[in-house]
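J.: With the sequences and hints as input, model every part of the structure.
2 protein chains.
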Amino acid sequence: MIRKRLSSEEYAAGILKGDRMILSKSITLIESNLDSDRNLAGELISHILPHTGQAYRIGITGIPGVGKSTFIDSFGSYLLDQGHKVAVLAVDPSSSISKGSILGDKTRMQRISHHPQAYVRPSPTGGSLGGVTRKTRESLLLCEAAGFDIMLIETVGVGQSEIAVHGMVDAFMLLLLPHAGDELQGIKKGIMEMADLLAINKADGAMQQKAQAAKAVYSQALRLFPKTASGWKPPVLTCSALEQKGIGELYESLLAFQQKQQAAGHWQEKRAAQQQQWMQERITDLLHQAFYENEQVKVRFPALAEQVGKGEIGPMQAAETLVQKWIEKK
Amino acid sequence: MIRKRLSSEEYAAGILKGDRMILSKSITLIESNLDSDRNLAGELISHILPHTGQAYRIGITGIPGVGKSTFIDSFGSYLLDQGHKVAVLAVDPSSSISKGSILGDKTRMQRISHHPQAYVRPSPTGGSLGGVTRKTRESLLLCEAAGFDIMLIETVGVGQSEIAVHGMVDAFMLLLLPHAGDELQGIKKGIMEMADLLAINKADGAMQQKAQAAKAVYSQALRLFPKTASGWKPPVLTCSALEQKGIGELYESLLAFQQKQQAAGHWQEKRAAQQQQWMQERITDLLHQAFYENEQVKVRFPALAEQVGKGEIGPMQAAETLVQKWIEKK
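Read top to bottom, the protein sequences are chains F and R. First residue of the first sequence? That's -14 in the numbering used here, and the numbers climb one at a time after it. First residue of the second sequence? That's -14 in the numbering used here, and the numbers climb one at a time after it.
Check each hint, because a few of them may be wrong.
Just so you know, same-sequence chains aren't split out, so a pair can sit in one copy or run between any two.
[As the list claims (entries may be wrong)] The calculated EDC-like cross-link candidates involving lysine to aspartate or glutamate, where the alpha carbons are at most 20 Å apart (straight line), are:
no., residue 1, residue 2
1, Lys10, Glu(-5)
2, Lys310, Glu266
3, Lys314, Glu278
4, Lys245, Glu297
5, Lys10, Glu234
6, Lys314, Glu280
It is worth saying that the hints were derived from the structure and are not from the lab. All figures in this text were calculated on a predicted structure; none of them were measured in a lab.
T.: Below, the structure is given as structure tokens:
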């Protein structure tokens, strides 16, 4: 069987028609590290870019064990019932280790993973956080162009992935457990401060009372934080993904956030800043590419790196020599 | 009063004599973002580089509330009693917010902060994690050149700072609390996997029994991790910084780690890799510097960034145009 290679126009046309097979293939293209694929992917993104930006991009984070997959399954099927088209992506820079759990994710999202209006894509594997971030951001655009109007972006990895996801979403939701005391210590202050909405999950059965107590503790803790620039006060809600309770209220709160942010112009400001951030990251990528693929650098770098490793030359001096030579020769 | 500006040779001579005043001034120089200071700092690092590398560099992390400052005070004074010279640095990329806690750190390290053989330096304020990392790494070299033979590097910020500290130390220690259950969820798996030694702090009074139970839980958890390349099995110890208990055992374990790593060659390999990492980070800095300080880029960047923010041009396309033009003109 011959694997027919589509042109970027053919990919774009398929995506805009909502063809799921082509969407999947195009995300695979985005995730490829081959030079030829990268060029094709760049063209594809240019084609579909005018058809993106309409979705509500929602980031979801929380410590392992908080029930992120079950929550996304529950929240996603609520949104599907409301007539939305829902796509789920994940940022997981440590995915080489936790590959198993990603396959697990799809099986744990049983309600949405086979729904015709939903699309669940495992995290791109391997590579640095920067690479994973770029791939996820581009996949998000492809899903938007394919007509998905709610994007759920899950963080799976260590600390930095929350920051990466925060940099690509409109609203950032922190899932919490009903026993607040010790957990409050475990959640890094920086993560709490990034959240637009806190949801105490597993507020069911015997845990309902505990969840109410936790809600009081977190509401109290949030009061200690400086006011946000937009004036939005992150609400603390309780829900049960298992019993499908509190999910509607949670979505209403997200809609209230959207309305308030849009009215004040913060929505567009944030997206503009995110686009500019992306431009700067791309500049860094391109500078690296031009530098490390230069023939002189290719020849000299390994020897210099070895000398640096042996302590024969300082790392800064080595870097300066190499960069200086490259700039002069350009 | 005229502020006399020292030459890089004068700074270096003062540091090598162990002059604390000049050490402090030189770290302030390192932390400066002024171009002229950056050049002087670069020269200074070149001068002192041959006199660095002898110290045992120990990273210390743990969630807020685990008692890092008290532990460092206790561990530091034990090391001082053993005749060591101890310097304490911190990596805190969020320090613009938590400035108060840094001043607090010094007062909480009462035993060591006024000791003639100890040096406690608050984290450099402001700037990106990259900037803070560079400044801390260079400060570490200055302290080593000044004769400090044990460096304690504390992580204070959000997730990423652990990764930054791990990239500049010989041994990485994770402090834990005696109630293991919930905490085990709160600690990101990636952090546990980076630790060379786990220490359950606050193992005193009524908590002693709990600490023993926690030790069993963590030892069990560690068994699930893949074996490290060096074959070292991170031990789980208990200690009380408050009652100065278990601190000697902890240091002996760090020494055992050092001996084993040095014998197998892993010690030097890790340091070589860290130096090479540093070289690559410096290359990125220099590429950015050359690019963003180019006159054409300075003129064109703001307008392009504005267009990207408004969605008139894609972020990738804008980046490519700008970088392409810069490379051609060079």
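J.: To test your reading of the hints: which numbers does this structure violate?
T.: Violated hints (numbers, rising): 4 and 5; every other hint is consistent with the structure.
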